[in-house]
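Engineer: Sequence:
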Amino acid sequence: MTIRGRAPGEADFFYTLDRVLGGLLAALKAGRIEEAVDVYPRCREDIGYQIIARAQADPDLFKQVANLFYRARDFARAAYCCEHLEEHAKAAQLYERCDDFAHAAQMYAAAGERLKSAEMFEKDGAVAEAAKLYRDLGDHLRAAACFERANKRFDAATSYQAAGKLEKAIEILNLIDEDSPDRKVANKVIKELMGQANLQRAPTSQMPLADVTPAKAPGPVTPEPILLGGGQLPESGKGMVTVMEGFEALHGLPLFAEVSLAELKSLYHLCEVRNVGTGEQIIHAGAPADALSIVLAGELHVRAPGTATPISVVSPGQYVGEMSMVDDVAAIVDVVAARPSRVLRLATAGFKHVLQTQDALALRIYRAFNRVLAARLRDTTARLSRGER
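Heads up, the sequence shown stops at 420 in the numbering used here, and the numbers go up one at a time, no gaps.
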């Protein structure tokens with residue numbers, strides 16, 4: 032199946048849903064995974080549910096679909112597929128990767144990885160569940176901290192005592208409300224702990240604070256299905272699929288290597304495609320760049336101010352202006368179209384707003400950005416050591 036983005040000046044290509052789904056599944060059945068990975072992320076409409084619905088009766092094909100979603104960085108659907116293939120550990124890792132910590136916790140529990148399950152419950156804010164698991168695993172300090180966050184003070188004190196933190200246990204017990212059913216027992220235990228603390232700080236891990244039976248860790252569970260909503264098309268196969276021009280260039284940038292497909296599509300919708308005429312300048316030395324620009328067609332030249340000889344050439348798939356994403360410093364070079372060109376522009380203002388409002392996404396982008404800069408520094412150092420410029 033061949034699906035291309037639009038040529039300069041043309042409208043988006045539209046395809047029937049049946050054609051796209053049929054072509055994708057045929058490619059997967061034939062083992063042509065690269066072809067499917069090329070097409071699926073560029074579909075503007077959400078067709079993941081339809082792919083799952085058509086493939087789920089064939090276990091081998093369903094595995095290929097899971098691989099497609101993973102390769103396309105649609106981690107939520109890849110996790111969904113792994114879950115229904117009962118590959119719980121893989122599903123858990125993928126749910127964690129797309130910040131769905133609740134499902135990740137359930138899948139780690141199903142895979143028998145109780146510590147990871149506890150960590151995911153804690154990340155999701157289900158601190159009471161996390162505390163019970165930590166307690167069962169003997170990690171009393173983490174259990175105590177989670178019980179404290181859950182406002183379960185008697186349990187928190189119990190765990191602090193088990194960890195040998197008598198003073199902290201006393202502090203927590205003193206916070207129990209006077210009208211609490213635990214208050215009377217707490218007063219008694221406080222006296223006992225104060226006596227122990229005044230001794231030579233003997234080990235207290237063998238001194239149970241109360242006869243508390245730890246709750247059992249959650250057993251294997253069947254999570255609720257992911258809601259696969261958002262721009263979905265009808266299951267009948269009737270409808271149209273739009274190919275997003277230039278999305279594959281955005282998808283392939285090292286700067287966005289850790290960004291999920293859904294997140295990348297949200298960034299794509301902040302972009303615009305622009306035609307740039309020969310000699311048109313898109314970055315001016317002395318002024319901050321206002322966008323990340325990816326070349327889709329044509330060629331850009333990077334020049335020192337006031338010169339005509341290019342320092343470097345920017346070809347299709349390459350980009351300029353990335354420093355504007357994280358810094359407002361003025362550019363030190365001019366960037367000019369060497370011939371009629373077409374670029375995908377991600378405006379700095381919109382991008383920075385996303386980073387300010389989506390902390391998890393910002394962290395992944397900054398982490399990738401650091402890797403890109405580190406690789407450039409290593410390359411520059413290596414070239415200088417060889418006497419190159």
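There may be inaccurate statements among the hints.
[As the list claims (entries may be wrong)] FRET-style restraints, in silico, Cβ to Cβ:
| hint | residue 1 | residue 2 | range |
| --- | --- | --- | --- |
| 1 | Arg305 | Asn401 | 25 to 31 angstroms |
| 2 | Lys94 | Thr309 | 19 to 25 angstroms |
| 3 | Asn98 | Asp210 | 55 to 61 angstroms |
| 4 | Val333 | Thr388 | 47 to 53 angstroms |
| 5 | Asn182 | Asp89 | 17 to 23 angstroms |
| 6 | Lys94 | Gly169 | 19 to 25 angstroms |
[Stated by the list, open to error] List time: in silico DSS-like cross-link candidates among lysine-lysine, alpha-carbon distance up to 30 angstroms:
| hint | residue 1 | residue 2 |
| --- | --- | --- |
| 7 | Lys183 | Lys222 |
| 8 | Lys215 | Lys183 |
| 9 | Lys222 | Lys196 |
| 10 | Lys222 | Lys154 |
| 11 | Lys60 | Lys94 |
| 12 | Lys215 | Lys147 |
| 13 | Lys219 | Lys183 |
| 14 | Lys183 | Lys196 |
| 15 | Lys183 | Lys154 |
| 16 | Lys383 | Lys154 |
| 17 | Lys121 | Lys94 |
| 18 | Lys199 | Lys183 |
| 19 | Lys121 | Lys60 |
| 20 | Lys154 | Lys121 |
| 21 | Lys215 | Lys196 |
| 22 | Lys121 | Lys147 |
| 23 | Lys147 | Lys183 |
| 24 | Lys219 | Lys154 |
| 25 | Lys219 | Lys199 |
| 26 | Lys199 | Lys215 |
| 27 | Lys199 | Lys222 |
| 28 | Lys147 | Lys60 |
| 29 | Lys196 | Lys147 |
| 30 | Lys196 | Lys219 |
Think of the hints as simulated: they come from the structure by calculation, not from any bench. Glycine residues also receive a C-beta, built at the ideal position from the N, C-alpha and C atoms.
Engineer: Please name the hints from earlier in the document that this structure breaks, with their numbers sorted from lowest to highest.
Structural biologist: 2, 4, 5, 6, 10, 12, 24, 28
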